[in-house]
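Undergrad: Could you put together the complete structure from these sequences and hints?
Protein sequence lines correspond, in order, to chains A and B. Numbered according to the working numbering, the first sequence terminates at residue 396, and the numbering increases by one at each position without gaps. Numbered according to the working numbering, the second sequence terminates at residue 396, and the numbering increases by one at each position without gaps.
Among these hints, one or two may not hold up.
One copy or two, either will do: identical chains are not told apart, so a pair holds if it fits within one copy or between any two.
To be verified - Below, a list of computed lysine to any residue pairs in the SDA-like style, where the Cα atoms sit at most 25 Å apart: (1) 148 - 263; (2) 193 - 258; (3) 247 - 150; (4) 25 - 329; (5) 148 - 114; (6) 392 - 113; (7) 79 - 146; (8) 148 - 236; (9) 79 - 184; (10) 392 - 185; (11) 343 - 306; (12) 148 - 181; (13) 373 - 387; (14) 148 - 125; (15) 79 - 267; (16) 79 - 153; (17) 391 - 186; (18) 79 - 150.
Since the hints were derived computationally from the structure, they do not count as laboratory data.
Number of protein chains: 2
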Amino acid sequence: MGSIPKIVILGAGYGGILTAQNLQKALRHKEAEVTLVNRHDYHYITTHLHMPAAGTDSIEHARVSISGLIDGSRVDFVKSTVQAIKLDEKKVILDQGSLDFDYLVLGLGGEPETFGIPGMLENALTIRSINSVRLIRDHISYQLAMYKNDGNPARLTFVVGGAGFTGIEFVAELADRLPILCREYDIHPQDIKIINVEAAPTALPGFDPELVEYAMDVLKGKGVTFRIGVPIKECLADGVIIGEGEKIPAGMVVWTGGIRGNHVIEEAGLEVMRGRVKADEYLRAPGHDHVYVIGDNSVFMNPEGRPYPPTAQIAMQQGAVCARNIAAAIHGKEPQKFKFSNKGTVASLGRGEAVAVVGGRKIKGWVAAQLKKIVDIRYLFIIGGIPLVLKKGRFF
Amino acid sequence: MGSIPKIVILGAGYGGILTAQNLQKALRHKEAEVTLVNRHDYHYITTHLHMPAAGTDSIEHARVSISGLIDGSRVDFVKSTVQAIKLDEKKVILDQGSLDFDYLVLGLGGEPETFGIPGMLENALTIRSINSVRLIRDHISYQLAMYKNDGNPARLTFVVGGAGFTGIEFVAELADRLPILCREYDIHPQDIKIINVEAAPTALPGFDPELVEYAMDVLKGKGVTFRIGVPIKECLADGVIIGEGEKIPAGMVVWTGGIRGNHVIEEAGLEVMRGRVKADEYLRAPGHDHVYVIGDNSVFMNPEGRPYPPTAQIAMQQGAVCARNIAAAIHGKEPQKFKFSNKGTVASLGRGEAVAVVGGRKIKGWVAAQLKKIVDIRYLFIIGGIPLVLKKGRFF
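TA: So this is what it looks like as structure tokens:
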């Protein structure tokens, strides 16, 4: 590499933004050419999307302009969609043009995993982008408006598939939001049904059972019906078929039941497990020392050999280490092994309620809800400092 | 009639509310039993519905709770839908129960007239009630949200059928509203199309040609495309077929092309012209001296023998005279002939623009727009005094 090395970061999610920001710090001026590629000119705060989806917070609180997050003199930004990755040619094909790379960071994020459930891809909505949650928000009010014109009671049934973190957090916001919408649309709140369907034997699989019970009690108190241990067999345009063939007519089905990797990564010829690349201890794709995989595009194993769940937290930590390791490679230094440091987990349960595990301690209720806000604000501070906290933070 | 006479007013529109309020004044306590029947527990300001339909004003500014408009000790209010009118039995059948009457006032309002255009009833939205305009408002944003997910450009085409007062006023609000929505939904305003289709040879038929031209120029300047003298041949789920078979793919079709009378009135066995009863000079249905017809349920002829257009203005004046004539009948006095007094006409063209004819004078632009606000505020004052003006009035 005689000339300046080219670093291309695909995706401006948690991992990609942290990689870009840390590269800005770790590299001297003109030491490398860093290009960040993203489909939109904004970064979105995925862990916050359940709120604008339900309409309990504004869309603008869930996204940040990328130009405000990176130093344009150090990192180039290209707004484009990645079509293909040519690993042998060290080239990325975009919808308009292409980019050569010496180092590649794969942080394109995941795609909904529907496990082949018939009709799910076609008929269900998903919480995965600003555009998709805006559609959910508008779909909810559209159903209420339609109900007031055609009287079809199924329009007032809202089904959420999946009771993982996203499903539970979204259901909680829905339960907070719908009574307010009912007043606006002259609908009796008792006529609304919110049904959360989960195939696994428990809600929030992997989470502390005592907190799971607390969470379900809070949500039941808000009017949510749980169907736990019941699989969705089929998603229709007007409802779902669950369990042994029971049909639930519904005006909306939101699928939160799974995330897989990215089809672009699979098609690149990398070895994947459900669309994710099993990263080595330096976050590199096996056999491709110049290709780093982070966030939902990677699978990283814990010391017991089981994959860590794909969270914002791990993606951010991976972004920082990935940047350090690319800088080390350029500087001819030793890379650093990635080690996940678990800061804890918080699941919001709507206004004033949450459950959390921090440092082995269980926290619930109002205190946990404040913790959730602190986690969100801490993230805004990390990526954008005080100005971003003041602009996008939710304090109340 | 030995006992107290029973007066039943069907419909709490412009005519019905004015009848009820004037009866309160004209009759002494216990002189009659007055019952007002309406489908909703609120009165809506039909001439204002084009704004919440486009989302340029709130729904709440277009409706008023009926309990705030009538004196509950003088007029009973029944929230119910009229199923049938049995003129011979002097009985009104409601969806729950029935009411006997000695005097009946028909002010049920009109229904959309689609002139048998195929698919119009099934596929087009209409500006006729709080529920219907809420659906239009939500349908607009739903199309924008869908576009950002499926990229179908037809979703950004909005067709309004009919360029009468409602059509023109609604198109103007749409043209004001869509650029704002475009910013919210990350859509280029140039990608939006607003098309106003009118079969008649001119927009605003019957209005002053100079003002029609001015109105069209204002709206063209806001990006509206006119197809005047072109009939809609069919309304589809995904657009319209116009003229000689040209298809306009569209995400929304709003039909404002006509109003007819009410099917309940037709089914009552009264002689009707397009669902409207030709009222006698005292506002009574021919051959039924105890049945009064007002507003969109009636046709009233001008001195040249042509029907007056059905407006809020004429309905209000009819309500006042109708009340006076019922009181006269009860008091054994002579009824009064109805004479329409034209206070003028204003058509709003969106923010800061309107056209008006008042006392034969043509007024356009900002002054006409202020006039429109004054007309609206005057109406709020008539039905609810200063408190209602302060609560629902738009001053800016």
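Undergrad: Please name the hints from earlier in the document that this structure breaks, with their numbers sorted from lowest to highest.
TA: Number 6 only.
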